[in-house]
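*Asks:* Heads up: the sequence shown begins at 1 in the UniProt record's numbering, then just goes up one per residue.
Derived from the structure by calculation, the hints contain no laboratory data.
Just so you know, even glycine gets a beta-carbon here, dropped at the ideal spot from N, CA and C.
Some hints here could point you the wrong way.
To be verified - Distance windows between CB atoms, simulated:
hint	residue 1	residue 2	range
1	Glu95	Asp66	41 to 47 Å
2	Ala31	Ser100	32 to 38 Å
3	Glu137	Asp17	20 to 26 Å
4	Val40	Glu71	27 to 33 Å
5	Arg75	Met121	32 to 38 Å
6	Glu95	Ser73	18 to 24 Å
7	Arg15	Glu84	42 to 48 Å
8	Ala79	Asp59	43 to 49 Å
As the list claims (entries may be wrong) - In silico lysine-lysine, DSS-like type, Cα no more than 30 Å apart, as pairs:
hint	residue 1	residue 2
9	Lys54	Lys69
10	Lys123	Lys36
11	Lys21	Lys80
12	Lys80	Lys36
13	Lys22	Lys123
14	Lys69	Lys80
15	Lys80	Lys123
16	Lys69	Lys123
17	Lys22	Lys120
18	Lys36	Lys54
19	Lys120	Lys69
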Amino acid sequence: MSGHCGNSSGEDFGRPDFDAKKANNRFTALAEAHRKSNRVSARASGISEDVMEKVALLDDILSAHDDAKEEESQRIADAKISQEHTDNLGSVVREEAMQSLGKWKHDVDDNGASRGGGGKMLKVMTMMHEQVQSELEFQREKHENEIKER
Numbered sequence: 001m002s003g004h005c006g007n008s009s010g011e012d013f014g015r016p017d018f019d020a021k022k023a024n025n026r027f028t029a030l031a032e033a034h035r036k037s038n039r040v041s042a043r044a045s046g047i048s049e050d051v052m053e054k055v056a057l058l059d060d061i062l063s064a065h066d067d068a069k070e071e072e073s074q075r076i077a078d079a080k081i082s083q084e085h086t087d088n089l090g091s092v093v094r095e096e097a098m099q100s101l102g103k104w105k106h107d108v109d110d111n112g113a114s115r116g117g118g119g120k121m122l123k124v125m126t127m128m129h130e131q132v133q134s135e136l137e138f139q140r141e142k143h144e145n146e147i148k149e150r
């Protein structure tokens with residue numbers, strides 16, 4: 001189910017007083033009533049029921065809704081794994097930068113003066129890490145806003 005439930009500002013929407021919150025509440029109430037009806041029907045043994053069109057449609061809608069919730073959960077799990085992978089890569093880069101910095105500090109030329117290049121490398125690595133972190137924070141906020149819209 002998309003987050004475009006009940007767009008009251010749309011030209012084709014025939015009920016201007018019915019917004020997304022009301023539509024979501026109505027859907028939730030309808031879904032819960034249907035699930036309760038299914039539980040009651042399942043308890044009654046040996047009674048044959050005629051399946052009405054509304055019940056069949058509600059079954060289809062609830063199935064699609066549950067599938068969408070599962071897909072969203074999977075997408076969140078995949079995003080979390082991706083973030084952990086990126087964090088791990090950042091740790092590796094940071095560690096390599098620190099090792100490289102150590103090599104540069106210990107590398108001394110013929111005059112006894114140490115060469116200074118590790119500071120630049122460390123700054124570049126730090127900037128790259130900060131950029132990745134800000135991109136992750138942006139994606140996290142974007143994802144949270146999408147969830148709130150739904």
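*Asks:* Using the C-beta atoms of Ala79 and Asp59, is the stated range 43 to 49 Å upheld?
*Replies:* violated, 31 Å
*Asks:* Between Lys22 and Lys123, does the CA-CA distance stay at or below 30 Å?
*Replies:* violated, 52 Å
*Asks:* Measure nothing beyond the straight line between the CA atoms of Lys36 and Lys54; if it is 30 Å or shorter, mark the hint as holding.
*Replies:* holds, 15 Å
*Asks:* Check the following: the C-beta atoms of Arg15 and Glu84 are separated by a distance inside 42 to 48 Å.
*Replies:* holds, 44 Å
*Asks:* Are the Cα positions of Lys22 and Lys120 separated by 30 Å at most?
*Replies:* violated, 57 Å
*Asks:* Per the hint of 32 to 38 Å, is the separation of the Cβ atoms of Arg75 and Met121 within bounds?
*Replies:* holds, 36 Å
*Asks:* Starting from the range 18 to 24 Å, see whether the pair Glu95 and Ser73 falls in it by beta-carbon distance.
*Replies:* violated, 33 Å
*Asks:* Does the alpha-carbon distance linking Lys69 and Lys80 stay inside the 30 Å limit?
*Replies:* Holds. Lys69 to Lys80 sits at ~17 Å (cutoff 30 Å).
*Asks:* Determine whether the Cβ-Cβ distance between Val40 and Glu71 falls within the hinted range of 27 to 33 Å.
*Replies:* holds, 29 Å
*Asks:* Is the gap between the beta carbons of Glu95 and Asp66 within 41 to 47 Å?
*Replies:* This hint holds: roughly 44 Å between Cβ atoms.
*Asks:* Please verify whether Lys120 and Lys69 have alpha carbons no more than 30 Å apart.
*Replies:* violated, 47 Å
*Asks:* Are the Cα atoms of Lys80 and Lys36 separated by 30 Å or less?
*Replies:* The hint is violated at about 34 Å.
Comparing the model with each numbered hint stated earlier shows that hints 2, 3, 6, 8, 10, 12, 13, 16, 17 and 19 do not hold.
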